[in-house]
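Here is what each chain is made of, one letter per residue.
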Amino acid sequence: MTAPASTTTIDLVSRFPEFVTADTRPGFSGFIVKKENLVEVATALRDEFNFDLLSSVTGVDYIADNKMEVVYHLHRTTGGPGIVFKTQVDRVDPMEVPSLIDVWAGADFQEREAWDLLGIKFTGHPDLRRILLWEGYEGHPLRKDYQEAFFEEETKPFKSRWPEGHHTYAEFKNPFRDNIKLPENFKLDNYQPENEDQLYFSLEKSSMKHTSENQMGTDHMVVNMGPHHPSTHGVLRVAVELNGETITSLKPVMGYLHRNHDKIGERNTYLQIMPFTDRLDYFNSMANNFGYAVTVEKLMNIPVAERAEYIRVIMAELSRIQNHLIFIGMLINDLGSMYTPSLYAFEERELILDIFEAVSGARMMCNYFRFGGVVRDIPADAMQKIKDLVHDRLPAKTDEMERFLNENEVLVGRLKGVHVLNAEEAIRNSVTGPVLRAAGVPYDLRRADPYSVYDRFDFDVAVRYNGDMYDNYLIRFDEIRQSLRILEQALKQIPEGPINSQKPQYQVRVPAGEAYGRVESPKGELAFYVVSNGKPNPYRYHVRAPSFVNLTAVETMCKGTKIADFVALLAMLDIVMGEVDR
Amino acid sequence: MSEWIYVALFIAVGLIIPIGAIAAGFILGPKKPNPIKEATYECGVEPVGEAWIQFKPQYYIFALVFLVFDVEAVFLFPWAVKLGQLGLYAVVEGIIFVSILIIGLVYTWRKGMLEWL
Amino acid sequence: MDWTMWVEWIVKGFVLCLILLTGFAYLTWYERRALARIQVRVGPNRAGYQGLLQPIADAVKLIFKEELTPGHVYKVVFILAPVLTVVPSLVLAAVVPLGTSFNLFGREITLYVADVNVGILYLTSIASIAVYGIVLAGWSSNNKYAMLGGIRSSAQMISYELTLGLSFVTAIILGNSMNMIDIVNEQRGLWFVVIQPVGALIFWIATLAEVNRAPFDMPEAEQELTAGYHAEYSGMKFALFFMAEYQKMIVISMILATLFFGGYLGPFVDQVPLLGPVYLFAKVIILLFGMIWVRATWPRIRYDRLMSFGWKILLPLSLAIAFITATGILLADVLNNQLFFWSIPVVSIIALLVAVAFIYRDLRRKSHGRI
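Line by line, the protein sequences give chains A, B and C. Using our numbering, the first residue of the first sequence is number 1, and each one after it goes up by one. Using our numbering, the first residue of the second sequence is number 1001, and each one after it goes up by one. Using our numbering, the first residue of the third sequence is number 2001, and each one after it goes up by one.
Because the hints were derived from the structure by calculation, they are not lab data. Note that CB positions come from ideal geometry on N, CA and C, so glycine has one too. There are no misleading hints in this set.
Partial selection, computed: residues in chain C whose CB lies under 8 Å from chain A: (1) 2041; (2) 2214; (3) 2298; (4) 2304.
Work the whole structure out from these sequences, hints included.
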């Protein structure tokens, strides 16, 4: 089932014998590169070995070895397994690692995140500011020696919550008593947030007004869109510099919904993380569960029950359909059409959520997957509902929506030829998911690196070639149709049998090692990087969120366009702040 | 002429309504101002820079072109009323008059001044 | 002129204002219910029978809300702006005839406020004033969104005012007068919409832009500019902007009905003059439904395309329509041949098709913001 990642087929050690060694720790794979030669190796991997897509950049704090490690995962957009390489620095500030932003522009936000949460300094990064936390934050929370203000214990379950075996709520504790530790010289009463000079300086630095012909010398206006803005899909904030209505410079600011998912994940036990992944991309809790389950199963090396595999696929594809329906509705809503298409989309979505409710008990936060299977079987009446939906209602409704919307002149006029993202630019920026496929790259993990039972189904990877917003819009319909194809086959082939290969259990035993599991979430490549040291909690738990990485491309795509198109672009990238801010 | 007095009266009546409404809101509504409420709205972030800036000059060109064509439309009103009496001669005159202005419009168009910034 | 005359006019003025105010309140209810039906929802149906008391509840809420005047605004202009927006939308109605006249206690009472001989000139001038309110609101708020909204709306309104003015020219040519009552009487035989359907359509489109309705609701584009020029307004002052928009919708639909759809004319209106307002309002409700329908179904046009559409398509088209009408009428008159008269709608529709073809060609070229 879960074949170990065959990255050893690439012989990097013999190519660079002086500064590359294989990672030989038990359960680990890949290569360790000396940090001085990192850029050289990375360039070779990109150009000679064709690993063109930088999937993830993250760090791990090995405090016992006094090392800080940066982990890079690379993949080929032509498919196949990826490669992982790491670089280590001594755990002494400043921990400097060369930035790979010149090799892959997609490293931008992920390196900033590693700097923010782990304090790894990427030399050569042009704009290394904090990204999820705010400027002026004390410390780097993902370091193992960092203790937060409410620190109780390293891992859950916290003993204080179970005094004599009874449950108490955290809310009962008064937060502002002596149980809170604040940095020295910090007075909460006269707290003033740090000024945002750094942000505006960075905005000014990348402005087009220094380069383009600025004949009349008119004033440029700096406008903050968000966090309280109707169309930034939550609390994304974008600082925009405008000349008239043309964007000359733009910087996304995020973190308003930040809760340090990674840190909480490290505190939780493996199974406790499962409901917690629901909150990442709250439209697609099924896809998030899927990604996490796949990763941990890889680490545990256990099989998945046959029937459960099909149930997983059915749920993931239903989730994809409802996500894309919402996407289409909300995109047109952001173009300014008074909610009508989105309400029609919501009508279908409700029916899919009914199914989720029937199988898992929750409409949005499903918490449905378990290691080795799923938690409950599909009830017979829900099965009938799925069949009715897949065979009758959804195809008809998709046709209807396409008939109503595709040829609308205003829609075509606003989407066609706007925000063109070509394939090279998309890959360079690590963009994945429908946005990448609309740019003409047929990269879909269900085909490129099949997981679960996707290799048993007959379906096509939806792809469009213009890379503009209109193609991005159409490809969502294509994907809905392909999902319906998969669903039809899955419903036909689904076997009877147990729904979990393991016994029901509250605590799983995970052997030491690392795993990088990825699934094709509706928004793009959703990946989890989990490091285990054999204890009940993961040693490192990292989420590679597709919305977050896709946002990297915004800046290059938006410069020189109109502010109205920018709003449509945010809708087109299909970002969910629960996932971006984590 | 007397009809205009009625119009003036109506405008006076029309003025009473918004002023009355604002007064009613002023009298009946609560007033608890504080500095945060009085801050400028910019999506919850403290604004940087001025809102009163020098805007792109194309904006004023729209206004200039508008002025030309608005005056033209007003010139066409009496022409349209008396068209029956003036005959085909007036139509030809009108076409000449408008074509001169159209040349101006085409010139602005070619110069790219009708593009919004 | 005795004192009873004065009383009559003042009462009439108040009644018309009240009609517009109630009309505004119930237009919001009508819009919300109609939108809800289109969007598979129910809409407001709790306050009173079928939600009929909802507008009153809203009004009471708005009156008792706290009004914020942000610290950085230019106060005088900030308070003046909503007044300047509402007044034109109300007084536009002065020259629109609701009917002919009827007898009440032996007095002949006319169903219009004023019978002005240059009614259409009055309409154009008052409609222009409304721009001031919006642009001043945007400017005085000292807020970037409001500023952009104000700039957008002023540019948009002046652009579409040209088209509106030229559509008036078409109606004047057909009605041979600038007096609204004369224009209505000219339509006893045939509504002008039959002779000049394209003119009516252009007027309607320009109207949508003039009152900032979808798909031309740029100035308040919620998704881009949060609320546009009224971002800093709250309570009753905000309600006034809202009121101005909806009253303008009503009044401008009344004007459209008067100029192209026969105004208060209808069966038996000569025998029972009180039927006149009823017919007019029936027409207005149908025209308003058109506006609501458009709002429910169409996305917003991007702003630069909106300006291009106004200047490069609608303005030339409306000029062409005016001259097609003038030539057709004169040729029919001079040569005494009805064929020329009926060629007006045909040639106009051809002109419209040419314009539509231009738009389509442009859409297919995938150009960036050019029309």
